[in-house]
Amino acid sequence: MKHRTFFWFIFPSALAMILFIALPVVSVFIQSLHVEHEQVLRTVENCGPFGCTEETVIDREATRELREAQPLGRFAGLSNYTDRNHLALAELSSMWERSDSFADFTRRAMTLPFWRAMAFTLTFTFVVTPLVLSLGLAIALGVNSLPRMFRGPTIFVSLLPMIVTPLIGSLVLYWMVDSRGVLGAFLQTITNDPNLSLRASPTLTWIMLIVYGVWSSAPFAFIVFYAGLQTVPEEPLEAAMIDGANRWQRIRYVVIPHLMPLAVFITLMQLMDNFRVFEPIVGFQAQASATSLSYNIFNYLRGDSAQFGAAATTSMLTIFGVIVLLTPVLIRTWRDFNRKGH
Amino acid sequence: MAVKQHRSPLLVTVSTALVLLWVVIASFPFLWTLWGSFKVQADFFSLADWRNALRGTFTMAQTGSTFTSQGYAGAWVQEEFWRAAMNTFVVVFCVVVISLTFGTLGGYALARSGFRYTFWLLMIALVFRAMPHITLVSGYLMPFFQWNIWGHLPTAIIVLVAINQPFTLWMLHSFFLNIPKDLDESAMVDGCTRFQAFRHVIVPVMWPGVITTGLFSFLLAYNDFAVTAMLLSQQNQTMVPKIASFLGSTQVEGNVMFAVAAVVSATAPLFVLILFFQRQIVSGLTAGAVKG
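Those protein sequences? They're chains D and H, same order as listed.
Numbering that gives the first Met the number 0 numbers the first residue of the first sequence as 0 and each following residue consecutively.
Numbering that gives the first Met the number 0 numbers the first residue of the second sequence as 0 and each following residue consecutively.
In case anyone wonders, no lab produced these hints; they're calculated from the structure.
It should be emphasised that the depicted structure is a prediction, and the values quoted were computed from it without experimental measurement.
Honestly, I wouldn't trust all of these hints.
Claimed, not checked - Which chain H residues stay away from chain D? Per the calculated CB distances, all over 10 Å, these: (1) F57; (2) P142; (3) F194; (4) A258.
Stated by the list, open to error - Output of the computed footprint for chain H on chain D, the stretches with three or more beta carbons under 8 Å from beta carbons of chain H: (5) 14-20; (6) 48-58; (7) 86-95; (8) 111-118; (9) 203-214; (10) 218-224; (11) 264-275.
To be verified - Using 25 Å as the maximum straight-line C-alpha spacing, the simulated DMTMM-like pairs for lysine to aspartate or glutamate come out as follows: (12) D:K1 <-> H:D189; (13) D:K1 <-> H:E79; (14) H:K180 <-> D:D82; (15) D:K1 <-> H:E184.
Note that CB positions come from ideal geometry on N, CA and C, so glycine has one too.
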């Protein structure tokens, strides 16, 4: 295809991506170098019958004018990145000196918003992903041994948790595990603790969010693995049976190697999707015990006094994290592309 | 695995039990919420006994019948959920149509051009695909306020189209790769321009791939929370942010039931979608492209 024709075909799509993905990233970067204007203070002298006192008041008019004239705020360089709400290097080093054990240090570091969100985001990503892979494979193997007429309905039901709006899915679960909901009541009965509330304990909240993550993503792994199982070659399976391999050995040495490329694909998708975990925290109203990077950005942006600088800084750090996660994939795809010999 | 195998009855029982358990885990929350949406709050969130939700004790006491549509009436009429539903329809329809138009042209070009820059474009698209949507939203807000385009449906539509493009391009690109090159090239030998070849030869055979991609574009637009919650004004809200706003309002007796009814209403279209397009969704997921 000629360059010129290619250009016109790709133009609408590329324009949309440049205007609404590439430029916003630039805008995020610029915003991350600025902080909101401080309120303009003015000293006024109040003279009364008992003499004059000096008082400092906020000049609302001047503050508003200044904010309208320079909506970006004032230039702050990289200070946004190093402040307490983000990398917090100074705070971390002083905490390191003051704490007597690593556990103590972690406990202190969990009071820093960025690291708290990072801890949950990474835990969520790296716990949910392997669980999704193994549960998906287990379901796929199970469904594959069902009579054919039951497979369609099973797939139908399985698609629901995956396809449903994440916020809705998390609300549906949240209402059930609420202490007044059916699962909450059930848990209270089996633990014999009438005051048990999943929301009250940070650990239980994390577990609840992870359960949601697995529930909503396992169908994806299941469908992909199930499709892969349909194409497992027969000869190696038969050969393995003749050699006396039992069912488990056949799965371990024939089926799993065949599914490996699919597992890599699912892992990739899962890493990308779990890293941006956001809606469940809103749905489960879990912000007191667990926040994610995306949630922090959302939290900075909403309300009347949006902190664009802080939101932009967290966004830049999140994008950096995404690129770190994706680097192995990009290198791998680069090799594949070269091997194909374009 | 079409190989005939001797399976031990124990293994069959275990794997069937596992699948059965999964089916319950996957479907019970939806069935329970559907059932509960016809109860009053004192039943669905019962302090005394969860079985009230089954018996409808308080629903009986408060409304005189064991089922009530109070939640639905409250959500759709009193809280004007119908407005949000209409907004969702407009947004989703426009996003799907526009992103498929852009995506087919771009995906076709990427599939037919062998130059090195196509690889880089696809890689950039992959990075864009991985970016959390909320990070982009933080880039939009300030300029949109400045230009006074914040809060309108067209703004949200074009933003969702752009966010959708990386995925659409990948999926349609891999789909067009499967359509033989000879098809459009022979049309060009016969004197068609590239666009005519695309229009008359490729368009008639591309519909299966376009429908599959369209389903995922639909899901992305329908399920979005980050963009629509931050970029739409109160009266332009779509369903998902509207549901979130039900939760934010004070938990007055009965208000949670509005949210429950709204959640069930918003799930219904998705249910219908799976009912009719299960095969396409499955093939889309397994196309080895990118999940929506």
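To see whether the hints hold, each was checked on the structure:
no.: 1; hint: F57; result: holds (12 Å)
no.: 2; hint: P142; result: violated (6 Å)
no.: 3; hint: F194; result: violated (8 Å)
no.: 4; hint: A258; result: violated (7 Å)
no.: 5; hint: 14-20; result: holds (count 5)
no.: 6; hint: 48-58; result: violated (count 0)
no.: 7; hint: 86-95; result: violated (count 0)
no.: 8; hint: 111-118; result: violated (count 0)
no.: 9; hint: 203-214; result: violated (count 1)
no.: 10; hint: 218-224; result: holds (count 4)
no.: 11; hint: 264-275; result: holds (count 6)
no.: 12; hint: D:K1 <-> H:D189; result: holds (18 Å)
no.: 13; hint: D:K1 <-> H:E79; result: violated (53 Å)
no.: 14; hint: H:K180 <-> D:D82; result: violated (56 Å)
no.: 15; hint: D:K1 <-> H:E184; result: holds (13 Å)
Hints 2, 3, 4, 6, 7, 8, 9, 13 and 14 from the earlier list are contradicted by this structure; the remaining hints agree with it.
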